[in-house]
Each structure stands twice: as C-alpha cells, then as structure tokens.
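> For reference, the chains in residue letters:
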Amino acid sequence: MIEIQCPNCGEYVSDELDSCPFCYASLDRQDKDSGDDEKLTQPEGEPVIDDVADGGDDEKESSLEDIPAAPAGNQPVSSSEKEVTDWLSGLEQTANEEDKAPAWLSNIKDLVKKDKQPETSEGDENDWLDSLRDGSEEKTLDLTEEAPDSASEEPISQEGIPEWMKKLQEDVDSRNAPSKLVQASQPAEENSETPDWLLRLKAETQAYAAAQDNSLSAREEETPDLTGKENTGISGSPDVSIQPDGEAPDWTKNLQAESGKFAAEDDFSDEGIPDSLRKIQAEEPASEESAIPVEDETPDWMKDIQDEPLLSKVDGAPAGSSSTGWLSDFREDTPVSEEGNAVPAEEIPDWLKDVGSESSSTTAEVNQSASDANTATEELTSNGGEPDWLINLKAEGEASQQEAGGQLKTPLEAHQDGLELVPGWLQDSDKSEPLSSEKPVQVQDQQGSSSDGSGTLPSGDLPDWLSAMKSDAEAPETGNKVPLVEQRSDAIQPADLPSWVQAMQPAEAIVADAEVLTNDLSQITENDGPLAGLSGVLPASPGFGNPQKPLSFSVKLRVTEDQQQRASQLDNILADENKAKPVISTSRNIKNQVLRWVISLLVILSVAVPAFSGFQKTPGLSTTPPEILATSQVIFGLPHASPVLLVFDYEPAYSGELEATAAPLVSNLFLTGARVAILSTSPTGPALAEYFLKNTQGQVAFQGNQQSTNLGYLAGGASGVLSFATNPSQTLPNALDGSQPWQTPLLQDVHTLADFAAVIILTDNSDTARIWVEQAGPLLGGKPMLMAISAQAEPMIRPYYESNQIKGLVTGLSGGKAYEQALQLPGLAARYWDSFSMGLFIAELIIILASLWSIFSLLRDHKPAQKEEE
Amino acid sequence: MLSSSTLNLITGSLSFIFTLMILSYLIGDNPLFRLAIYIFVGISAGYAASVAWQHVLLPKLFEPLLFGTMQQRLLLLVPLLLGILMITRLSPNSNRFGDPAMAFLVGTGAAVAILGAVFGTIIPQTRASIDLFDSSASGNLLEHLLEGTIFLAGTISTLVYFQFSSRTSSVGSKRGKFVMGLGWLGKIFIAITFGVLFAGVFAAALTALIERVFSVWIFITSFF
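Residue numbers (the working numbering), protein chains in the order written: chain R, 1 to 870; chain S, 1001 to 1224.
So here's chain S without its partners, still in its complex pose (with noise of 0.2 Å):
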C-alpha cells in the first residue's frame, strides 16, 4: 500500500505533467495534446462503467435477481429484458429489437422533462415576469416597474427576432417595420446575453487556470 505522501506526489506529478500537456495546445494541435485529450475520455469513460456497474447494474440489478426475493426477480425482469433489447441496438442487422426499450425511454423521459418544464420553469417564470409589475410588492415601486419593463421589453424582442414569418406582398416577402424594430431590439438583448454568457465561461476557464497554475506552483514548491 503506498503512503499518502507517495500517493500526493504521484498524483502531484501527473496532474503537473497532464496539466503542461494541455497547455500544449498553445503552440497548435500537437500529440501530447491528444494524448492527453485521449487520456481523460479513456478514464472518465471507464470510471464511469465502473460507477455504472458497482453503484447501479450490480447492487440494483444483479444482486436482487440472484439473491432478493422472487417478487423483486420478477420485476427486475422487466428492466433486465430492457437492458438485453438495448445491447440490439450496438448491431444495425438487430438494431429494431431495441426500439421498444428506447422507446420506453425516450417516452418516460419526455414526459418527465416536459411535466418538469411546465410546472418548473414555464409557469413560475411567467408569473415571476407578471409579479414584477405587483405595486404591492415589497421595495422600491420605481426600481420593480424599470426592471419589469426591461424584462418585459427583453422578453417580447427577443421572440419577435425569432419570428421569421411575413406577409407577402407585390415587392416581396418583408416584414413590417414595427417588427423589425422589435426584432432589432432583440438582436441587442441577445447580443448581451451572449456577451454575459462569455463573460461567465471566461470567469469560469481564468479561474481554472487559477487553479492549475496554483496547482503546478505547489507542486513545484513542494520539492523546495
């Protein structure tokens, strides 16, 4: 059994190594870049079969069925019949016997997806949309109604830019101006939210460099 300080500095090196190698890609598309690149996907897959297998298939599948009771083995059935219809699937010649799995999938969970939606995100953020103009609420009246009319205004424009349909005329297909401009006004929100989007990937990449940079002079350090 290795010790924990061997363990640090095993560890310590190849996340030093991985981490240069990465960096790597600086200088353009090299092979230690893809080393690495081909590393990680190796294992983040194989742990995640190893998690699959020894938090999931095994303590929820083939252990009731071989040691739980015949009422858990027969509805385990179910969900074993299913995994076996999936593993068709990797086959295009037996690819249909995998369909009524999918199926069953793709069903439960659209219908789990589209039930959260509704009552998670559409109808509470509608009526959040609505409570911002409630001169009931709380706070500044002022600062609710400016914020309520830019979330609205947002709102609006930016499906108006989504909206491509017009009437024709003689000239030709065009939309009216009022659209337009609405559409306008939406291309700018979306501009921002985009801009905002980019912001926070970059806050989020420069604190993992952060981190690695903090990583590698620790590790440097270490030795000293």
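The shape of chain R in the complex, shown without the other chains (with noise of 0.2 Å):
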C-alpha cells in the first residue's frame, strides 16, 4: 500500500484516495506523485528497525531473537523492505511492552487489547483507522507473530500457506459477500447508531478498500504491507479473526474480507519475504493453539512435564499447556481453532487416558472453564481493563469474608459437584484417606496441586517437596473427613505440654483458634481459577505465592561521549592532586648562601682592617651640624652645678652606638659641673648606665657620686615618665643603693621636673623618645630637653628637633663624632669612625653593584619575554 501525507492534517492516507478521509482535503496529484517519495519514509514516532537491532535490553533481545537480520544490502531497496522494517519496529515496540509485565500477563493483555480494539475512544481515532486501512496485511501477519514459539517452518507460498490460513480465508471470503449485504442493506440502523464522522469513515475505507484490492492484485511480487500498525491494537489473533459475524461489526467484517482477499490473492514470493517472517509464518501451525510462550515462566521440573507428550483431549488446549493447572488460564485465552483441533489417541499419554477415563465429565467441566476464562476476558473491557485474575482476586477476598462461617463447600464436595479439574492421583487419595469437614484442609501449594491437574506424574521424577504435596493432596480426594493434617506421617504432633503450661494457656485463644481453624480456613472454597473446586486454600494476596521469575532490568550503563570526556577530566584532575610537587632546586639557596657570606665577609673586613690597623685614614667631618652645635649651646649655657635628668633608655644590643653617641656629650655635661640624676625606664638602663659612665667617663673629671645619683628603673611607661613629671621624688623617692638621694645636696633642689636644668634622653628607641617629649615636655617649663640617640630612631624624632620641642640632638656615631670635633675631645667615636666610615662605603657600593645587576638581570629576562610575544 502507498500512504501519502495529507498537506493539511499530515495524516497519511492511501494514494488512491482523491480527498483525505480526516479532514477532506483534497489531495493534489502533485502531491500524490511527491508523497511517492513519502511512503518510504516512516510515520514520526515510530521505531526503526535500528532500534531493534542495537537495543541494549536484554529481554528485548531475547524477545527479538528470532527475527533475523535485515535483507542484505545487495538487493535492492524496494517499499516492501521499508515496510518490513516498519513492521519489526512494531514487534520492537510489542516487545517492550511485554518487558513491562510479566510474561504470562503479557498475553492476557494482548487478549484484551484485542478485545478492547473496537472499543477504541475517540481519541485514538486515527490510530486504528489507520490500522484498519491496513488490516487486512496486518491480520495475516499478525496470525503468524502470535506463534513465536513454533518450531516447524514452512516457506509462505501460494502453495506453501498452511491449512488453517487457507481455511481462515475461505472463511474470511465466505464472511465478506454477506457483511457486505448486510452491510448495504442496513444503513439505517447504522445511522441510528452509528454516528456520521464513522459513518463517513466506513465509506471511505470501503471505497479504499476497493481500491486496495486491485492495487494488491497488481503488485503481486511485492510483500504486503507490513507496517507496524499492530502497535494500534489490532493484531490479527485467531480471537479477532473467528469472530461470529452476529458480533463483529460490519467494519470489521469488511476487513475480515479484506484480509481474506489479501491472504488469497498476495503471493508470498521467498525474495520479498524477511526470514523471520518466513519462520514465524511457518512456526504459525504449530502455535495455532498455543499463541503464549510459557516456556519462559515455566519452572524446570514443569519443562521435565511439558517434554512429555501430552495433550489434552480439550479442544483448543496448547500442546504445551499440560504443565501446570494455573497455566490453565493461558490455555483458556489461547486461541482456539474453530474446529479444533483433535490431537490423535496415540499421542494421549497414558495418564491423561485414565483421566479421560475415569471421569468423561472432566472434559467438559474443563471446556467450561476455558469458555469461562474467553468469558471472563471478554468482560475485563467492561471492568474497567482489570485482568481477571485481579477480580477474581476480589471476588476470593470478598467471598472468603462473607463465606468464613457460612456454607462452604469442602474440596470433596466442590470435586462431586462437578469441578472435576482435581488429577487423578488426588481422585485416588480420596479412596484412602478420609477427608473431616470438622477440621481444616491443609492448604497445598497452588502450583503443586495444579501441575498434576491432567494426570499422575511417576514419583520418583517428582521433587522430595511434590512429592510431599502429592501426599498431602491426595487427602481432598478420599471423601473421607479425616482431617490431613491427623493423617501425614511427618506432619507436626502437638507437644506434650506440662499441665502447668496447659493451664497458663489464656482460655480467649484456645477459642479463637478454634474458631478460626473450624470456621475460616476449612470451609472456604475456591471459586474460580485453577484451583476451583478446593477448599482449604489461602486466599490469593499480593506477593503471595508469585510464580514469577523477577523482572530483568539491564545493568549495561550507558554512558554517552560528552560524559566520558568529563569523567576522564576529573579522573586527571585527581591524579595531579596525587602528584608530588616538584621540590626547588637548592643551587639558588646555595647561591643565596654564598652571596650572603661574601657580603658579611667584605663589611667585616671593611670594618676590622681600619680597626685592626690602628691608623685613621679618614677625615673627620669638615661641618658641624645645627643640631649639634645647638646640643653643645644648650650644655654650655648649663649653669654650674645645675641638676641635670639624665635618661638612660636603650637597649644593651645598643649600647656600643650609644656610648659613642652620648660620650662627648656627657663628658661635656660634666664638664660644665652639673649634678646628674639618673634613671632608666627600661629594666636593663640602671646597669647600662653604671657600665657607660665607668667606661666613657674616665678620662673626665668624673666625681662619681658625688656629681650623680642613679635613681634606677623608673616603672610604668608613660604613666610613669608622667608620675615622675609630676612629683619625682615621691615616683623615685630612693635611688639605685637605698640612699634618699632627694635628701642629698645633689637633688635637694629640685621638687618638680621643671627644677631640672636640663632632661638628656639617651636612646634607641623613637617610641621612647616620643613618650618623653609627650609626657615630661609639657612639664618641663621651658627647660630644654636633648636627646642622644640611636641612627635607627632619627628620622621619628628629628621632627621633634624640628618642632623645637627638643632643643639639641645628638644622633648616632656622626653626631657624637661630631659632637667630639666640637668639643676637640677625641673618643669612642673618633676610633670607630674609620671603620664606621669603611664600612658605610663597602656598604654603598655593595647597594649600587646589587642595583646595576638587578637591572641587567631585569634586561636579560625582559628580551626573551618580548621575543616570545613576537
């Protein structure tokens, strides 16, 4: 068939057609001629067959196994191939399906979609019309997909299509002429029930269906279209196909005749023909009867069953379906030939003759379940799509509840009843072990009690554990009311309790045990399913007794290309953080080291050599700087014999610079005769001061204690330096021996610091400095204030000189050399000049050489650097 697209709704609709049959557009033969094109091409959300073949599932494989690989590629690509291709996507997607509920349920579901087909909503219209243009292919293919399991193949030809498709036809044909009557003949009755847009639809797959036939007849070479269509729904299973004309609708009819014609007049050349078609087609015969694969689900001991040939003398019973009594249910769905098919005597195994034997009711009883079963299938559409055996679990719970005390039947009386589904091997126990309807049934398992339902098995190909429950079911035969649980040889004995325990045993559940033993489980029988007719049996539950192999669920993971990149990323990203880190090269330390030994090397030289030497090469300062001769203004213009503070606030690290820095001018401060109060903030000071005056003053006319008092640590920072601002002989009271120096007439003058004459503050620090221009300046009432200090401290204290706040300043080994040439007094700081001066210089040129290699360096890095930008 040649589908085009209609250019208004997009629906595709046969090439024979003028308008489309959705929305009556009419359709340009333009376009037919283009859409020639379009009917290769695949209805959008359909699967390709490439889908099928690369599909990573598992069970979609083993679902698919039997359908073989694409026609080779040599040959040429004709539209039935595509349509090959359209149909396997079908059987892809029934697969699928089929994954997604158990197997034996599976076809229980194929039974009711096909029962539901005509029932379609209004919603999926389209689909099923579309499959229905198509029916007439799809039902002969679809005949041949519900046999999977087939094992004969027979070549589908003209002369090779098997009896029954040859019988279906010729019923198919003779069904056609009078649906057609009937169908012209009763067009009112349709409008009345019919409503027009189907009305309307019938027509127009009447007229195509017209058409399609001589389209067929003049494409015999080429397969028919088998699109996958089935997806819709309707799958040509012999259920649809042998519908009684008085129940099928005449639309339905007309496909019926459709694929009757198409099965008559399409020859199913080998070329045109995919090999799984090929094999499903001829496996059809065979699985006529038996359309459910239950080789899957059936437990091993259950295939060691189905090996045997059985069969059941019930028409219609699968070849395969003797395994298992609950299998019954699928025998019942499968469906049945119309003239059944009798299996000859010579297959029957003895077992199931003495069944037959034993009891010709059985026959019937069982017909009348499979017919119960079709019934109750044909009625799931109208409970609302549950399965059967869900409402039967319904019914069972409802009818246990309401049955628990009423009048139940026992399995005996169910199996003279007529429910004769119980095997012969349970009909034979019932002669020896009497059955006691005061006593409760015990309960067989279902699958067990089922799988023998059509005749003896030899016990010693029975597991230990079916074996036991053979033993067990033979009990509901015997008609006896021995209860089974008194007549097992292994069965559990009460134990002998103490009668202490007897009595401690509450009377409420000896009761209600009893009552649910006599009442509950004893007298519920079951109604339906493979079990009808027992009594004793626990009412199915979910996840009770579930038969079925767990679904399969593959564990393959996909990962896809972008994913693989990502993870191999952080994969490296992980391994560098494992890394080690590359360790410096220790040359550069070494290098490091060696430069700084030289450098330490030429100052120590530059300052030893002058020092060792003895001899003064370098010439003294040739100006005095202001502040100097403003420090030796202030000591001259000292009164004689003035008190004088002076400060020793410096560290011992820092004593040899300051006692070059401070000598000249305390030498000259003794000169002038002051008396000289001395004290240290710091707790080192008082020593310091004692370790200066004994080593610098020497060659003055140093009177000792007489000229000076060391009043020792002054405590308290700031705070102190304050205190003793304010009220020095009550901070300091005793000086550094104990003596009471503000009773001697070195400081028996001065009460407040503005009495000093002078404040000297030797030190090395400008925080310390800062703190004494801070605290006593204020109070010193005009009386200058110099300072001695270290190099480091001069550029955070010469603002205060600046400032006028300290009237002289004496700073480092300069300015005590300095001080020194203006006193004309060589001492410590004439002696260390030439080294000081040596040093200074070595100094320098280390600094400039360093600067000079470090812009060359800087140049010869920045070259290559530009060369590489270029």
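Rather than coming from a laboratory, the hints here were simulated on the basis of the structure. There is no bait here: all hints are sound.
In silico DMTMM-like pairs for lysine to aspartate or glutamate, Cα to Cα no more than 20 Å straight-line:
1. S:Lys1060 <-> R:Asp737
2. R:Lys591 <-> R:Asp861
3. R:Lys591 <-> S:Asp1029
4. R:Lys807 <-> S:Asp1131
5. R:Lys617 <-> R:Glu844
6. R:Lys807 <-> R:Asp767
7. S:Lys1187 <-> S:Glu1147
8. R:Lys581 <-> R:Asp571
9. R:Lys694 <-> R:Asp737
Computed footprint of chain R on chain S; a stretch qualifies when at least three of its residues, placed anywhere within it, have a C-beta under 8 Å from a C-beta of chain R:
10. 1035-1049
11. 1109-1115
Not everything, but these chain R residues come out facing chain S in the computed CB check (under 7 Å):
12. Ser600
13. Ala611
14. Gly656
15. Pro683
16. Ala715
17. Ala718
18. Gly777
19. Ser803
20. Gly812
Heads up, the beta-carbon is just placed ideally off N, CA and C, and yes, glycines get one too.
Two chains, two frames, some hints: make the complex.
Printed below as a string of structure tokens:
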C-alpha cells in the first residue's frame, strides 16, 4: 500500500484517494506523486529497525532473537523492505510492552487489547483507523506473530500456505460477501447507532478497500504492507479473525474480507519476505493453538513435564499447556481454532487417558472453565481494564469474608459438584484417606497441586517437596472427613505440654484458634481459577506465592561521549592532586648563602681592617651639624652645678652605638659641673648607665657619687614618666643604692621636673623618645630637652627637633664624632670612625653593584619575554 | 671576691664567645646561635624580674605594707589587690578576675597616651608645619618656603596614599586621577622614609658591629 501524507492534517492516507478521509482536503496529484517518496518514510514516533537491532535490553533481544536480520544490502531497496522494517519496529514496541509486564500476563494483555480494540476511544480514532486501512495485511501477519515459539518452518508461498490459513481465508471470504450485503441493507440501523463521522469513515474505508484490491493485484510480487500498525492494538489473532458475524461490526467484516482477499491474492515470494516472517509463518500452524509462550516462565520441573507428549483432549488446548493447572488460564485464553484440533489418540499419555476414562465429565468441565475464562476475558473491558486474576482476587477476598462462617464446601464436595479439575492422583488419594469436614484442610501449594491436574506423574520424577505436596493433596479426594494434618506421617505433632503450661494458656486464644481453624480456613472454597473447587486454599494476596521470575533490568551503563570526557577530566584532576610537587632546586639557596657570606665577609673586613690597623685615614666631618651646635650651646649654657636629669633608655644591644654617640655629650655635661640624676624606664637601663659612666667618663673629671646619683628603674612606661614628671621625689624616692637622693645636696633643690636645668635622653627607640617628649616636655617649663639617639631613631625624632620641642640632638656615631670634633675631645666615635666610614662605603658599593645587577637581570629577562610575545 | 682583672677576663671571654656564637648565624641557623639567644633572653628576663622585685615591689609595696604607716598600708591595699587580680590572668579559668586590673591599666595608659599624643605631638607638629610658611621667621624665606612646601606635599601626599575609598561608577570602583597622582607622590615620600630608616638601622648595626670587633680585638690583644 502506498501512503501519502495529507498536506492539511498530516495524516498518512492512501494515494488512491482523492481527498483526505480525516480532514476532507483534496489531494493534488502532484502531492500524490511527490508522496511516492514519502511512502518510504516512516511515520513519526514509530521506532526504527535500528532500535531493534541495537537494543541494549536483554529481554528485548531475547524477545527478538527469532527475528532475522534485514535483507542483504546488495538487494535493491524496495518499498516492501521498508515496510518490513515497519512491522519489525512494531514488534519491538510489542516486546517493550511485554517487558513491562510479566510474560504470562502479557498474553492476557494482548487478548484484552484485541477485545478492546473496537471500543477504542475517539482520541485514538486516527490510530485504529490507520490500522484498519491496513487491516487485511496486518491480520495476516498477526496470525504469524502470535506464534513465536513454533518449531516447524514452512515457506509462505501460494502453495505453502498452511491449511489453517487457507481455511481462514475461505472463512473470511465466505463472510465477506454477506457482510457487504448486510452492510448495504442496514444503513438506516447504523445511522441510528453510529455517528456520522464513523459512517463517513466506513465509506472511505470501503472505497479504499475496493481500490486496494486493484492495487494489491497489481503488485503481486511485492510483499504486503507490514507496517507496524499493530501497535494500535489490532492484531490479527485468531480470536478477532473468527468472531461470529453477529458479534462483529460491519466495518470489521470488511476488514475480514480484505484479509481474506489479501491472503488469497497476494503471493508471498521468498525474495520479498524476510526470514523472520517466514519463520514466524512457518511456526504458525504449530502455534495456532498455543500462542502463549510459557516456556520462559515455566519452572524446570514443569519443563520436564512439558517435554512429555502430553495432549489434552480439550478442544483448542495447547500442546504445551499440560504443565500446570494455573496455566490453564493461559490455555483458555489461547486462540482456539474453529474446528478444534483433535489430537490423535496415540499421542495421549496413559495417565491422561486414565483421567479421561475415569471422569468423562472432566473434559466438559475444562471446556466450561475455558469458556468461562474466555468470557471473563471478554468481560475484562467492561471491568475497567482490570485483568481476570485481579477481579478474581477481589472476588476471593470478598467471598472468603462472606463465606468464613457460612456454608462452604469441602474440596470433596466441590469435586462432587462437578469441578473435576482434580488430578487423578488426587482422586485416588480420596479413596485411601478420608477427609474430615470438621477440621481444616491442609493448604496446598498452588503450583504443585495444579501441576498434575491433567494426570499423575511418577513419584520418582517429582521433587521431594512436590511428592510431599502430592501426598497432602491426596487427602481431599478421598471423600473422608479425616483431616490431612492427622493423616500425614510427617505432620508436626502437638507438643506434650505440661499441665501447668496448659493451665497458663489463655482460654480466649484456644477458642479463637479453634474458631479460625474450623470456620475460616476449612470452609473456604475456591470458586475460580485452577484451584476452583478446592477448599482450605489460602486466599491469594499480593506477594503471595508469585511463581514468576523477577523482571530483569539491564545493568549496562550507558554513558555518552561527553560524559566520558568529563569523567576522564575528573580523573586527570584527581591524578594531578596525588602527584608530588617538584622540589625547588637548592642551587638557588646555595647561591644566596654564598652571596650572604661574601657580603658579610666584605663588611666585616671593611670594619676590622681599619680597627686592627689603628690608622685613622678617614677625615672628620667638615662641618658641624646644627643640632650638634644647638646641643653644645645648651650644655654650655647650663648654670654651673645645675641639676640635670640623664635618662638611659636604650637596650644593651645598642650600647656600643649609644656610648659612642652620647659619650662626648655626657663628658661635656660633667665638665660643666652639673649634678646628674640618672634613671631609666628600662630594667637594664641602670646597669647600662653604670657601665656607661665607668667606660666613657674615665678621662674626664667625673667624681662619681658626688656628681651623680642613679635613681634606678622607673616603672610604668608613659604613666611612670608622667608620674615622675609630676612628682619626681615621690615616684623614685630612693636611689639604686638605697639612699635618698632627694635629701642629698645633689637633688635637694629639685621638687618637680621643671627644677632640673635640662633633661637629656639617651635612647635607641623613637617611641621612648616620643613618650618623654609628650609626657615630660610640657612639664619642663621651658627647660631644654636634649637627646642622644641611635641612628635608626633619627627619622622619627628629628621632627621634634624641627618643631623645637627638643633643643638639641645628637644622632648616631656621626653625631658623636661631630660633637667630639666640636669639643676637640676625641673618644669612641673617633676610634670607630674609620671603620664606620669604610663599612658605609662598602655597603654603598654593594648596594650600587646589586642595583646594577638587578637592572641587568631585569633587562636580560625582559628580552626573551619580548621575543616570546613577538 | 674576684679581682677586677679576673672579672675583666671572665667578662671579656664571655663576650668574645657570645659574639662568635651570634656571628655564627652567618652560616645559618645553628645551635650555637640558638644557645646564645636563649641565654640572652633568659638573663634579660631574670634581670628584669630581679630589678622589678628589687626596685619596685619590695621598696614600694611590701616594705610599706609591712613597715609603713596605716595610711600607707590602706592605700597600698589597692595596688596589692590589683596585682593579685593580675596574677589570676595566668590561668584561663580565672583570667576573668584580672579584668578589672587590666581595665585599670588600659584605661589609664590610654588616657595618658592620648593626652600626651594630642598635646605633645599633634598640636606641636601641626604648629611647626604651619610655622614653616611664616614670613616673619628668621632665616632665608625662600628656604623656609621650599622646606615648608616639601613638608606639606609630603604630609598631604602620604595621607592621600592611605586613602583607599573611592566612588563607585559603572566601570567599577576606581580612585580619581588626581587622588591617584597624589597617592603616587605619597608613595615616593614613603619610599624615601623607609630608605632613611633602613640607613639608620644599618648605621646602628654597623656601629654595633664595630664595637664588637673592637671588643674582640681588645680581648685578643689583651693576652699579648
């Protein structure tokens, strides 16, 4: 069939039509011509054959393992081949649907679908109508698709069409003509019951069918259109194809007629049919009666049973359905041929013959149960789509509640009532073991009890547990009232409880247990299903005795290429984290160490050589700094024997510098005859003061305790300075030696800080100098404050000199040298001056050379960078 | 009692040894250098503690408490209590009891420092900077103006350099060109200041080295 796409609604319609049956838009011939190419296209949303071939799902593959590969690539691509892929895609979709449900239930679903198809809602109208147009071909194919487990192969040709198919064609042909007549003679009735759109659709369909006959006859060598319209739910199962005329609607009859025509007219050549189709069609005769694949869901021990040449006498009973009784549902749902395939008597096993001879009514009952099952299947659509087993389950639950204390039948009674599904071995056991209706019947395994429903099995072939089940199941058929619990040799005997334990047992529990056992379980009779007629069967419940194997899901990890790249990047990052970082070369450290040694050696030599030589080659300062002149003026301006406060606030590390710096100043001070009071805000200050006076003032007329007193350590920092500035005698009442200097002639006239003629600060710390300036300066009352400081403190202290807060300033060795020059009294500064000058020169030289080397290195590194940039 | 010559020999030897131990840092951190450092730190701390006890606690606290008048004793109870509370800060469990003493110290110290900074540094320094532009001042007026200009530029540019706030625009937060120029000038003044500081530190260290070299030389030559 050639389809074109409607330019208005987009639906695929036959190219034979002049107008679209969906939207009634006219179809141009040009569009139809162009649609010839579109007939090879596949409708959107349908899976392609590649999905089937590359499917990763194991179950999908297993379900499609019988499907051969597509025709060889060297063959010319025809529309039939494309159509083959279509129906394969439909198979794949069917397989997907089967994957979602248990295998045994999938067949029931198929039946339900087939039954529900005519009642498809309006929303699915287009789908089933599309499938209806291809119904003839699909039905023929569906007949083959329903038999995947068949073993025999027959080529599908005009001569090789199976006999059942020929009969089916004849049957359809015979129905086609009267159906058309009926359809033509009953338009008024249909108009009253059928909506207009459906009538129009039917007319279009009929017109299409008529045109299709011509087109199909013209394309005898082509394979039928096997597009996967079976997904819409219309599958050519025997149930649908053999519906009586009175039950099928007219349009369905047309489809049947088309199917018959197609089957009669189309010639299936070997070249145009894929192997899979051939295989399926060849299997169809054998699977006609057993379209349900139960092989996978059958336990091993049941497969052994199936291997035996069992055959039911029941019409339409599948050959492989003799395994278990619970599979009788499937057997009942299995499409049954119209004439019923009678199995030859020689193929019937002996045990089955015994069953048939012993109970002639068994066949009728099974037929009745099969018909009931079919009826139940047909009624499924009216039950809201619920499967039969679910409805029965609900019914069982309700029945068990209602019948718990009511009139229930024992299995024996049910057996006598005509439900003779009980196997023969169970019936035999009835004779030997009486069944008691007073006590509950031992609950049997559902599977085990029903597996022998069609006959007995040798005990040696059965597993132990099944043998035990058999012995248990023999009890109900004996007809006696003896409970099975008592009859079993391995039954658990009630324990011999001591009397005192029995006395402790609550009476309510005994009564309740007795009631439950006697009323509930023993009087429940199974109404439906393979266990129909058996009492004492536990009501089925979800999760109870599910014989199906669990669904298997694919565990194959599907990773895209992008995800793989990202994962590899993450791996690389984690690998880099674990890598050891390269150790910095020690050659650079050695270079620095050597450089430091060289510089140190140069500085030490520059200092030591002048010191060891004893020659003073370096000339003195040409000019005296103004702060030195100011300082000397202040010292020389002091009154004779005036009190002066001398503060030693430097650390021992700077004693060498401060001694050289302050020695000429202090000498000048003592030369003026000043009375000196010494103190320190540093704990080490008093000792340094003693050391200073001893080492530096030996050459002057220093009179020791008669000219100076050491007040010791002034604690408290700035607060202590402020306190001393406010009240010196109370802050430091005692001298370092324990004497009271404020009472001595040295300081007896000093009561406040302003009473000192001058305050001289010897410090290496700018903060200490600032504290004295800030705390003591305002309290000096205009008296001068002089400072002899370290060279490192000059930048911070000089502003106080510039602001005139400090009247004089001697800074570092150079300041001491200048003061000595001013006094013309050489001292430590003059001794250190050559070394100091040489050391500064070497230091300046090193700084200059290092700066040039840095510039050279910068230029050297900059050129390669420019070259790289270029 | 050791003689002065013996003491001089001992002190001279110790000073020579410790000087070499300290100079051994030229070859890197070594145990001799660490030993000398630890000894100096320990001796300094011990000497400071002894001085604090000998010159502060004993004559100014405990002796008046023991031998002073009642008034002196009552007055000295306050510093004694504060001193005890300060000891409680040695333990983390009882350090909260030393908070009052610490608060007293910090409060008085801050008050003294702020008062001294305002009246001893800020106001006098500001006045001195302004006086540089005083035309009535003695000396060369041009030299004063030049010095004052450099002072003013250095002060303002250094303060601007530490001004990091800026206006937010669509482009982003960025200081103005004028502010950036002044900041750049202030950076130059700061660099010069650090250079001067380094020169002073080097001069002080060099003088100390000279003193040590002379000391070693004197110690060595004293044996000959």
